[in-house]
Amino acid sequence: MKKYALFLGCTVPVRAQHYELSARNTAKQLDIEFVDMNGASCCGFPIKAVDAETALLIAARNISIASKMGLNIVTLCNSCTAMLSDAQLELKNNRFYKKFKELGFTYPQEITVKHFVRMLYEDIGVEKLKKSVKVPLNNLKVISHYGCHYMRPSYLYGFDNPEVPHTFDELVNLTGAKSLQYTDKKMCCGGSVLGIDEGLAVTMANHKLNIAESNEADALISICPFCTVMYEDNQRKAEEKFNKQYNLPVLYYPQLLGLSFGLDKNAVGIRFNRVRPNLLLEKIGGQ
Amino acid sequence: MINLKNADPTFKWEIAKQEGGKQILKCFGCSDCAASCPVRYFDERYNPRKIIRLTLLGMKDQVLSSPFLWFCAHCHACTEHCPQGIPVAELINAIKNYAVENGYCPEGYKIQVELLQKMGRLYEVEDFDLKKRQKIGLPPVDKTIPEVAKILEKTGILNKVGK
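Each protein sequence line maps, in turn, to chains A and B. First residue of the first sequence? That's 1 in full-length UniProt numbering, and the numbers climb one at a time after it. First residue of the second sequence? That's 1 in full-length UniProt numbering, and the numbers climb one at a time after it.
Since the hints were made in silico from the structure, they are not lab data. Note that the coordinates shown come from a computational prediction; the quantities given were computed from them, not determined experimentally. Just so you know, not all the hints are guaranteed correct.
Stated by the list, open to error - Cross-link-like lysine-lysine pairs, in silico, DSS-like; alpha carbons within 25 Å at most:
1. 110(B) to 143(B)
2. 150(B) to 99(A)
3. 99(A) to 118(B)
4. 283(A) to 141(A)
5. 99(A) to 22(B)
6. 98(A) to 150(B)
Stated by the list, open to error - Listing some non-contacts, in silico: residues in chain B with all C-beta distances to chain A over 10 Å:
7. 1
8. 3
9. 35
10. 61
Even for Gly, the Cβ is constructed at its ideal location relative to N, Cα and C.
The whole structure should be built from the sequences, with the hints applied where relevant.
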């Protein structure tokens, strides 16, 4: 059994419980044990723009908790992955160690930080995952959205190809669903500018919604709670602004994976999806 | 119009001292950052090359007071493209950090710092959320994490944003 410290961050536990639920339930199917991190806080990313050192220290404190547990971290949010990876690298380089120690934090054991999806790809592997697929989702074609901080910056991750990413497409394809090739695959969702200029953020989100529509995708598959905020929660705003009607379901990857494992729709929290994926469910066997 | 009489030649050195700002002096202005920027793709008011160029020229007030500085989504598309290997998103972040130190902090970020001081997280965990979590079989999460306030105190970020 593989064992990880599960880092939830701010958004997932209160705004994306279906992401958390489906991640935990698919992990169980794969013999993965998630241990909760008591006392874990915000990752620090949101205030990096205000003061990078503060953000790094907040992230490092979270790493300290997992380090004391002796476990590698698995994250669900792309930005949490970036911030924690950043701090992990700095801890290795002893860059801000003085303040880190003065605050009473320790780093007894070197640990790694991986996004849930990267963990599936690297630690479990496509072949093994494929063996767990009981209900191939053959009728579906979907748009896979990587989100910026899944593979960028490459100096931090050294994983996948930041220009032509492919790992997530492979993971989607193994469920039986077809991950479509499309232009602007690595385009940003706009989430990071939402608080600065909502109109611009919605315009950025609309771009990919539009691509999904023109490719007749059954859903957009997301691996980041903030990308989902842009594509699902703000879909109505994009529809109003651009006079469109998308009605595009946005599923978290573990929801899709869970359905292909034969998990019940409640076990992957489908009822919490804001855009009802009824048609999609019909297509994969009328659950 | 740029009037170099108003330039502050020390500005670029100040940025180079910031976390993530060191490599600004390597920039030769090729514009690959702007060409690869998804924000610029939709809104020409944001231009990372222009921000870096103005910084190198010493146009401190113009750079720090620009609302468009904050349009950077920190997506690192520029970082991947820069032929000089400059982590451009970190560089823009360094300029943002310096702007905050000089009194230019967008209201939204001030609120985020306050929320972190109060709760250690951005979204409040309400009893409703905890009940919902319990109902679907998810473990409880901490409502507040007071240790985060200690970090904010240690780095003096509250003073920086004027709180």
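Hint by hint, which ones does the structure fall short of? none
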